[in-house]
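**Q** Chain by chain, the residues run as shown.
Protein chains: 2
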Amino acid sequence: MTNYVYDLMKKHHSVRKFKDKPLSNDEVKKLVEAGQSASTSSYLQTYSIIGVNDPRVKKDLKEVSGQPYVVDNGYLFVFVMDYYRHSLIDEDKKSDMDVSISSTEGLLVGSIDVALVAQNMAVAAEDMGYGMVYLGSLRNDVHRVKEILNLPEHAFPLFGMAVGEPADDEDGAPKPRLPFEHIFHENLYNSNEQEQRKALEDYDKTVSDYYHKRTNGERNETWSNQIARALGSKQRLDMLDELKKSGFLKH
Amino acid sequence: MTNYVYDLMKKHHSVRKFKDKPLSNDEVKKLVEAGQSASTSSYLQTYSIIGVNDPRVKKDLKEVSGQPYVVDNGYLFVFVMDYYRHSLIDEDKKSDMDVSISSTEGLLVGSIDVALVAQNMAVAAEDMGYGMVYLGSLRNDVHRVKEILNLPEHAFPLFGMAVGEPADDEDGAPKPRLPFEHIFHENLYNSNEQEQRKALEDYDKTVSDYYHKRTNGERNETWSNQIARALGSKQRLDMLDELKKSGFLKH
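Protein chains in written order, with full-length UniProt numbering: chain A, 1 to 251; chain B, 1 to 251.
Because the hints were derived from the structure by calculation, they are not lab data. Here a beta-carbon is modelled for each residue, glycine too, at the ideal position from N, C-alpha and C. You may find that some hints are simply not true.
List time: in silico SDA-like cross-link candidates among lysine to any residue, alpha-carbon distance up to 20 Å [said to hold, decoys possible]:
1) B/94 <-> A/226
2) B/234 <-> A/183
3) A/11 <-> B/4
4) B/93 <-> A/27
5) A/93 <-> B/218
6) B/250 <-> A/226
7) A/205 <-> B/179
8) B/234 <-> A/88
9) A/250 <-> B/147
10) A/29 <-> B/43
11) A/198 <-> B/94
12) B/250 <-> A/43
13) B/58 <-> A/87
14) B/21 <-> A/24
15) B/62 <-> A/41
16) A/93 <-> B/230
17) A/146 <-> B/191
Here are some chain A residues the structure puts well away from chain B; computed CB gaps all over 12 Å [claimed, not checked]:
18) 46
19) 54
20) 66
21) 94
22) 106
23) 146
24) 177
25) 215
26) 242
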């Protein structure tokens, strides 16, 4: 492996503050092409990408997300799981696709395909010297996002991505990941509770040290506490309804 | 963007025939570390990776998949959506996480997190000079895969990835993707049926020409026909049940 790609990936951190300098059309096209080169399950290509540069559309999406970098960035992408074109083929070929498209398998295939495209684009954007951040916050109000972007049935907005040149005072850094030994299992999953708890305890210390150093001792926070807060908060419980309304996840 | 990364991505094609030459432990670790550097939603890191090198485990997984390259490869990874460690934290913190973990949002976050890690690893593997292929076919029998890998509740096998040096007679090539103009929309989704159908017609010709050339005229196949066959075949309709059994997708 080249040091170049390894280092590029290892230094990734989400950038949430960008210079006011738009990407060129050529850059946008190259990013999307790099994204499309990713593997796709059974050649299905279950995605569309909305490139957003209209300030009014950005403003509307910011109201959903709540994040300032939905408006202030170099470029904004919205990633759509998309079986609309497949459904048009179905009309012609009468192949009874709806069972597959509306199945849980259809959702898994569709959302994983989208994520593979997006992650190629994330790496490609950072390779261009840009920073990026994913926007799960567009799922705060999927109904409204569908409306803003004029999505037809069988098209569902999964997340966004803001890209751009990091602002001069942007000072993000890679956050420590769960240790290799904890997330990697050889041949069999090791669900030994004691070992897992010990690993989490050690990692809590790593994360807490990280925040301590980054904030000159102001932030005291373990990973476990963040996770308890994030998953305890019961967000976006309308996702099943919204997927069903778009023709997904019926069985 | 460097030509290096753009070209690396653009020349991707799935490799399904590998030399009998295992990856080193150091290479496996570097790949996983590169994967872990990808973004993770709310820092949740909802994944585990099973590295499979035991021939018996490979053989068992091959029986599920049906594909010879599950056994014959340089290394085999299985990607697991994993909230098991979060559920251990929940036991300690009493943060009532189960609503989130078992929600549709929890599934979206979890599966997308896994896919981001995997795609970094795919790019990193190709950067090392290896070929790779995703294995959705492990979902042919998720119940059995859970058993083979000894997965606990809140852990679900999404897909595998075989990596290795391409065999000397491996002759894959990138398959043409849907045209940029068709999958990319500026600000608003263009669902105009006539334009979409025209784009699909043109793309059918591109794909059919591609197969024609690759097989010296033997294979006649459009994209639409492949899609109709793939989505008409109603595969893996047990996914909702299997997710529920693992504690997912209850609401």
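**Q** Each hint needs a verdict: does it hold in this structure or not?
**A** Going through the hints against the structure:
1. B/94 <-> A/226: Roughly 13 Å between the alpha carbons, so the hint for residue 94 of chain B and residue 226 of chain A holds.
2. B/234 <-> A/183: Judged against 20 Å, a Cα distance of about 33 Å means the pair is violated.
3. A/11 <-> B/4: Holds: residue 11 of chain A and residue 4 of chain B sit about 18 Å apart, inside 20 Å.
4. B/93 <-> A/27: Distance ~46 Å between residue 93 of chain B and residue 27 of chain A Cα, so the pair is violated.
5. A/93 <-> B/218: Distance of about 23 Å is beyond 20 Å: violated.
6. B/250 <-> A/226: 24 Å, violated
7. A/205 <-> B/179: Violated, at roughly 48 Å.
8. B/234 <-> A/88: 18 Å, holds
9. A/250 <-> B/147: 27 Å, violated
10. A/29 <-> B/43: 30 Å, violated
11. A/198 <-> B/94: 18 Å, holds
12. B/250 <-> A/43: Cα-Cα ~30 Å, so violated.
13. B/58 <-> A/87: Not satisfied, since the Cα-Cα distance of roughly 37 Å exceeds 20 Å.
14. B/21 <-> A/24: 44 Å, violated
15. B/62 <-> A/41: 18 Å, holds
16. A/93 <-> B/230: 12 Å, holds
17. A/146 <-> B/191: 13 Å, holds
18. 46: 10 Å, violated
19. 54: Non-interface label on residue 54 of chain A violated, nearest chain B Cβ at 4 Å vs cutoff 12 Å.
20. 66: Given a closest Cβ separation of 14 Å, the condition holds.
21. 94: 9 Å, violated
22. 106: 8 Å, violated
23. 146: 9 Å, violated
24. 177: Nearest chain B Cβ is 4 Å from residue 177 of chain A, so the label is violated.
25. 215: For residue 215 of chain A, whose nearest Cβ neighbour in chain B is about 16 Å away, the distance exceeds 12 Å, so it holds.
26. 242: Non-interface label on residue 242 of chain A violated, nearest chain B Cβ at 9 Å vs cutoff 12 Å.
In summary, the numbered hints that this structure violates are 2, 4, 5, 6, 7, 9, 10, 12, 13, 14, 18, 19, 21, 22, 23, 24, 26.
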